[in-house]
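2 protein chains.
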Amino acid sequence: MHGVILAGGSGSRLWPLSRELYPKQLLKINTEKSLLEATYTRLLQIMDEKSIINITNRKHLSDVKSQLDVISKNVTLLSEPVSKNTAPAAAVCVKYIMDKKGDDLVLILPSDHLIKDNKLFAKTISIGEKYAKEGYIVTFGITPSSPQEGYGYIKTGKDLNKKEAFTVAEFKEKPDEKTAKKYFKSGKYYWNSGIFLFKASIFMNALKEYAPEIYSIALEFNFKKNSEIDFMKFDKMPSISLDYAIMEHAKNIAVVPLLSDWNDLGCWESIYDISKKNKEGNVNIGNVISKDCKNSMLYSSDRLIAGVGLDNVLLVETADAVLVCDKNKTQEVKYIYEKLKEANNETHRIHTTVYRPWGYYTVLNQGEGYLTKMICVSPRGQLSLQSHNFRSEHWVVLKGTARVTLDNKTYILKPGSSIDIPVKIKHSLANPYDVELKIIEVQKGDKLVEEDIIRYKDIYGRTKA
Amino acid sequence: MHGVILAGGSGSRLWPLSRELYPKQLLKINTEKSLLEATYTRLLQIMDEKSIINITNRKHLSDVKSQLDVISKNVTLLSEPVSKNTAPAAAVCVKYIMDKKGDDLVLILPSDHLIKDNKLFAKTISIGEKYAKEGYIVTFGITPSSPQEGYGYIKTGKDLNKKEAFTVAEFKEKPDEKTAKKYFKSGKYYWNSGIFLFKASIFMNALKEYAPEIYSIALEFNFKKNSEIDFMKFDKMPSISLDYAIMEHAKNIAVVPLLSDWNDLGCWESIYDISKKNKEGNVNIGNVISKDCKNSMLYSSDRLIAGVGLDNVLLVETADAVLVCDKNKTQEVKYIYEKLKEANNETHRIHTTVYRPWGYYTVLNQGEGYLTKMICVSPRGQLSLQSHNFRSEHWVVLKGTARVTLDNKTYILKPGSSIDIPVKIKHSLANPYDVELKIIEVQKGDKLVEEDIIRYKDIYGRTKA
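Line order of the protein sequences matches chains A and B. Quick note, our numbering runs 60 ahead of the 1-based positions in the first sequence. Quick note, our numbering runs 60 ahead of the 1-based positions in the second sequence.
With the rest of the complex left out, here is chain A (with noise of 0.2 angstroms):
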C-alpha cells in the first residue's frame, strides 16, 4: 500500500495562530507533534516511508520539509505549483505511483486532522483494504457524534458485512440544521472524512469516466523521467475537490466506518473541546493569569493574558494579533480572515516570526526606511548566498557564534561584535556550531520586501540553476 497526505491548505480557520504561509497542519497547538506530523507518523505504522508521497503548495514546502525531515531521512515531497484543490493534487500523485511504483493501493487522507488511538485507525484502514482490493473505492466514514451543519454526509446503502463496510447510497453536501438533525436521527449517514483508499487502476478508470480533463492532463505527466510537477501542465487542471469530481458519480464506492477517534480541528471550538480543562472548564495556555473564568480558553503565545469574569470567551494572541471570540461563534473567525485578505492586510498570511529550515526570524520593528528582525539560526544551520538590490544590513551578534561570508571573505562574529553587508553584495550567514545563534538584523533602504533577494547558492550550498 502507498499513502499520500495532501498537505496544502489555507490559514484561515485557526487564525491568528494558522496563517495563509502556515496554515493548521503545520501547528503545534499545546502538542508535541504538529497535526502533519502526527499524520506521517500515524502512516509510517501501516507503510515504510519509502511508499508515502507528500504534496503541498510550493508556498508551504519549505515549512513541511523541514517537520518532515526530522522524522523521516526518506521524504517525498511533491510541490503543487499552483493551488486546484484534492482532485488534480490525489490525479498527479496516484500517476507518480503509477510510473514509480505500478498499480497499487493508494490511501489519501488530508494533513490535518487529529487521531490519537492509532491503532483502531489502522484495523480500520485494514478493513478498507479488503474492499480496496475487490475494486471499491473506499471512503472512510466518521459515525457523527451531533447533528453537525459543518460536514458533508454519506448516505449508506447496503451493509457489506455485519456493519463494517457498506456500499454508498448517496453523498450529500453540507446541510441545514433541519436535515442536520433529520440525518442525524436516522443513524444512516456518516461524515465525509476525506480519507480514501482504492486501486491506483481503479482510480484512474474513474477519473478518465468523471473527470476527463483532469485524466488526460494526468496522463501527460512521466514521473518515470522527472518527479517535478510542471507547472503548466498542472495549471491547465480544473480546480475541484475529489468528491465532485468522484465520489459524487462513481459506483463502485464503498465507506468503511471509521473505528479510531477523529476531529478535524476545524474551528478553535473544537481545540477547546479536546484540550485538558480546569475544573471551571477553562483552558489556559502559556503566560495566563485569570480570576472567576468559566468555559473560556485564554491563549497566550508570547505576552501575559489576564482574564476576569469570562464565561465562554476564547482568547488567542499572537505577536501582531489578538482573537477575543464568543466560543460558540468561532467558525466566523474565518470572516476575520477574508477581511484582512480583503484589506491586504499581512496579519492574515504571516507572522512575525517566520520558520525556516534553518532557524527562524521575528520582525520586531519597522518604520520608513528601515526594518529590524531578530535572526535564530539553528546549530550547524546556514542561510542561502544572497545580495539585495536595495537595502544594506547591519548584523549585531546576541548570542552564539556567526560565520559570515561577505564578498567572499569570511569573517567569525561573536557576542557584541557587529558587520555592515552594503547593498548587492553577496554575503552569507552560517552557525556551524552546537549553540543557536541569535543576531539583530537592521535593514535600511527604500525599498524592504523579502522579495527583494538574489540567491546564488542555497540553504544546503547548492549552486542554483
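Just so you know, the hints here were simulated from the structure itself, not pulled from any lab data. Some hints here could point you the wrong way.
No copy labels: a pair is met if it fits in one copy or bridges any two.
Calculated cross-link-like contacts (lysine to aspartate or glutamate; reagent style EDC-like; alpha-carbon spacing at most 20 angstroms) [what the hints assert, rightly or not]:
id	residue 1	residue 2
1	K459	E428
2	K351	E402
3	K399	D352
4	K351	E392
5	K193	E224
6	K88	E280
7	K459	E501
8	K296	D219
9	K351	E398
10	K119	D518
11	K354	D386
12	K459	D506
13	K387	D352
14	K394	D352
15	K218	D371
16	K474	E428
17	K474	D506
18	K234	E209
Position chain B relative to chain A; hints supplied.
Chain B only, in chain A's frame:
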C-alpha cells in the same frame, strides 16, 4: 487663591494601560490631554501658573514634569521622597504656600479626575471661595447618579444658602450595597470628591488639633530656605488620608455640590461609559476589526485585535499584556495587578515602552546576556552623560541623525551607521535636529539592569553634584 494638584497615585485600576510607574493621571485614553494636563489646564482658568503647586511621588517626577512642561514654563513641582497618602502631601504644600506666599485660600484637588465642563467647575469653586473666606473647610460633593459602593459619602446638615452649600452632618466610609441604596434614596448624601478649599491658616489649625504629629513635622519645613522636601522629616509623617486625618473630625466643614460633570475613571467600565459608542454600543479604539459584537470595548494600543460575537466584554491590549474582562467586573482588575505585584512580575510596574523627558524607549527583546531596545529621542532632546560598569552597548541609527559623545569625542551618525560603546566609557546621545531620532541599542553583559548607570551630567547638561 492657590492650587495644589496631588499628582501621586498608583497604576492599579486601569492596568494594563496604567502601571505603577505610569499611573492613571498620566494616561491619554483616546484623548489629546492626559488627566493631569487637563487638571492643570482647568486650574489655569482660575489662577495663574505661579499659584499652582504640583506634588508627586519621586518615581513619577520625570513623567509629570515632561507633561506639565509642555503646558507651562513656570511649573512648580514638589517631589514626595516617599508615598504618604494625601494628608502629609497636603500639609507640606500648604506650609510651602504659607512660607512663600503667606496665608491664602488653597484649593486641593486630585490629578486623575475627568471634568469636561470647566466653566461650571470654576463657578462651583467661586461658590466654595465664599464659604472658605468665612472660615469653612469646604469640600465639594458629587451628586450621586447611582447607589455606588465604591465612594465615601458626605451627609448634609443645614442648608447654608439655597442649597448652594450645606454644613456637613457626617462623613461616611464606603457603604455596603444596602446602605448605599438607602443613602441614594434619601437625597441627603453626596459622594466625596476629594476636592477641598480652605484658608491655609484654618487648615493648619485643623492639622494642629486633629493631626498634631503631621502638624509638628510640617512646621519643621522651612520652604523660604529650601524648596526640597527633606526625606528624613517627611518619612516621619504617618501615612493617612486627608479625610481620616481632618475632614471626619473638623467641625467647620461645608459641602458645596459640584455643578459640573465629574468622573473619577475608577475602572475600565467608567472609561467605556464616557466613550463614544457605535450603534451596537461598541467602543473600538486603535487597530480593531469586529463582527457581531455589542456593548463591548476593544482597545488596541499596539497590535491588531479581532473581536467576534462578543457581548459586554472589555479587552485592553498593550505591547506586553492583554486584559480581557467581563465589562461589569472591571473593578477586579485591581486583583490582577496585586497578583502580578506579589509574583514580582514587572508587568504591573512598567511598560515595555518607557517615557522620558527626552523621548522614550521600547524593549524589543531580551535574553541571556543581551537586551535590545529601540530608543527614540525627540527633536533637540538629549540623554544624560553616563557610563555603565557591567554592559557594553552598540547603537545603530534607524532614522534621523545622532550626535554621539564617546570618551570626549563627538560623532555624527546617519541612518545605517553604528557605533560601539565599551564598558565604563563615558557617553551620551543627543538629537540636536528637528526630526525625531530612532536608534537600535543592543546591550551586552552579564548584568543588564537600568540601575547600572553612572550619570555625570543630567539631561539639561548640568553637572551632577
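- Message: With identical chains, the pair K459 and D506 could be close in the same copy or across copies; at 20 angstroms between alpha carbons, which is it: within, between, both, or neither?
- Response: between (29 angstroms within a copy, 12 angstroms between copies)
- Query: Is the C-alpha distance from K234 to E209 at most 20 angstroms within one copy, between copies, in both cases, or in neither?
  - Reply: within (6 angstroms within a copy, 53 angstroms between copies)
- First find the shortest C-alpha distance between K218 and D371 inside one copy, then the shortest across copies, and answer within, between, both or neither for a cut-off of 20 angstroms. Cα proximity of K218 and D371: none, with 46 angstroms in one copy and 49 angstroms across.
- Message: Checking an output row: K193 and E224, CA cutoff 20 angstroms. Within, between, both or neither?
- Response: Cα proximity of K193 and E224: one copy only (15 angstroms, versus 97 angstroms across).
- Message: Within a copy, between copies, both or neither: which one fits K394 and D352 at a CA-CA cutoff of 20 angstroms?
- Response: Classified as between: cross-chain Cα gap 14 angstroms, same-chain 29 angstroms, threshold 20 angstroms.
- Query: Given identical chains, is K387 near D352, meaning Cα to Cα at most 20 angstroms, within a copy, between copies, both, or neither?
  - Reply: For K387 and D352, the Cα distance is within 20 angstroms both inside one copy (17 angstroms) and across copies (13 angstroms).
- Item | Copy assignment of K459 with E428, given that the CA separation must stay at most 20 angstroms | between (28 angstroms within a copy, 8 angstroms between copies)
- Query: Between the shortest in-copy and the shortest cross-copy C-alpha distance, which are at most 20 angstroms for K88 and E280: within, between, both, or neither?
  - Reply: neither (38 angstroms within a copy, 66 angstroms between copies)
- With identical chains treated as interchangeable, where does the CA-CA distance between K351 and E402 reach 20 angstroms or less: within a copy, between copies, both, or neither? between (37 angstroms within a copy, 15 angstroms between copies)
- Query: Is the C-alpha distance from K474 to E428 at most 20 angstroms within one copy, between copies, in both cases, or in neither?
  - Reply: Cα proximity of K474 and E428: across copies only (14 angstroms, versus 30 angstroms in one copy).
- Message: Please sort K474 with D506 into within, between, both or neither, judging by C-alpha distance up to 20 angstroms.
- Response: between (30 angstroms within a copy, 15 angstroms between copies)
- Task: Pop the pair K119 and D518 into one bin, within, between, both or neither, using alpha-carbon distances up to 20 angstroms.
- Result: within (16 angstroms within a copy, 53 angstroms between copies)
Comparing the model with each earlier hint shows violations of hints 6, 8 and 15; every other hint is respected.
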